[in-house]
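Anchor point for the sequence shown: position 317 equals 317 in UniProt numbering, and the numbering is continuous, going up by one each time.
So the derived label-pair ranges between C-beta atoms look like this:
#, residue 1, residue 2, range
1, Glu217, Arg247, 13 to 23 Å
2, Ala165, Gly77, 35 to 45 Å
3, Pro252, Gly11, 38 to 48 Å
4, Pro252, Ala49, 31 to 41 Å
5, Arg205, Gly74, 45 to 55 Å
6, Pro27, Ala269, 14 to 24 Å
7, Ala19, Arg247, 52 to 62 Å
8, Arg135, Glu83, 26 to 36 Å
9, Ala49, Asp192, 21 to 31 Å
10, Asp192, Thr251, 23 to 33 Å
11, Phe229, Met1, 47 to 57 Å
12, Gly77, Thr193, 47 to 57 Å
13, Met253, Val53, 34 to 44 Å
Simulated from the structure, these hints should not be mistaken for laboratory data. Please read these numbers as outputs of a predicted model, since none were measured by experiment. Don't be surprised by glycine CBs; every beta carbon is placed ideally from N, CA and C.
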Amino acid sequence: MRAIVIEEFGGPEVLTLAALPEPEPGPGELTVDVAWIGVNFVDTLARSAGYRVPGLPFRPGVEVSGTVRATGPGVTGFAPGQEVAAFVTDGGYSEVARVRASTAFVLPPGVDLRTGATLPIVLPTAWGLLHEVGRVREGDVVLIHSAAGGVGTVAGQLARSGGAAAVYGVVSDLDKSEHALKSGYDRVFTADTFDTDVKAATDGRGVDLALDPVSGETFHRTLAVLARFGRLVSYGNAGLDEWQISRNDCTPMGISVGGFSILALAADAPERLREIAGRAFHAFAEGVVELPVSAEFALEDAAEAHRLMESRTTTGKLLLRV
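Could you build all of it, start to finish, from the sequences and the hints given here?
Here it is, written out as structure tokens:
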């Protein structure tokens, strides 16, 4: 089979097309004939910095859609030919992927394979951030960073459907604001002035819930615009920066800070992932949210997809087709 292999960390040029043996499913596993692959920022971090990579060489890719090729011992509920979307721990940038049955999902009726590749990471992440950790409530004022990205596009819509009174987005460039404003956002600010803008928009009150994938300085600036009893949820860690808070950061205003990792959930608690994904996929199937695909590339052009993602000019979702 054809697959993308990384033998050294570096720029997009280290993504190399190779011929590899087709994997066989082990106990509790499926193999999937891959049709589409979701490209995620975590893929670029793995390629450039070895983020969550056990060693070299390795194959990138954490989400795919396709048809079940074969099932391993002990697998129930799946059969060859079924259309599925799945998390991948064994390298998704390939023609055949081996996945755990516990993190594979039969596609909802009416959802095609191309759309299915957008679902495994983004929808459960946005749902988990807002409903499981952030506990969005009726009347909340919500602030979401990277509002035009995949998670941001869905999170704005889910915040609105969850009863938020106002949803503010932050983008790296105002050229992305039109996309965000179509995704449930009332107003969109740029990263360099968002804290001042949020205070002005809320008459100094601040926001009840904020979602931050950036960390670093952005985390602390976001902390400063939380209203009394506000919640900040950190995820993604796009800058690979650690953050620290003290009691004095939290107690005066009664604020709280949480974190969320969809990859950790998939690895450690797949049953909870399945619950969250079920709710998120239902919202998608009911038309509550949509996630547009902004660009697609052939598998062999994965480097171009990474270059585009790292340019920070994209909106929505990027895909590889097999």
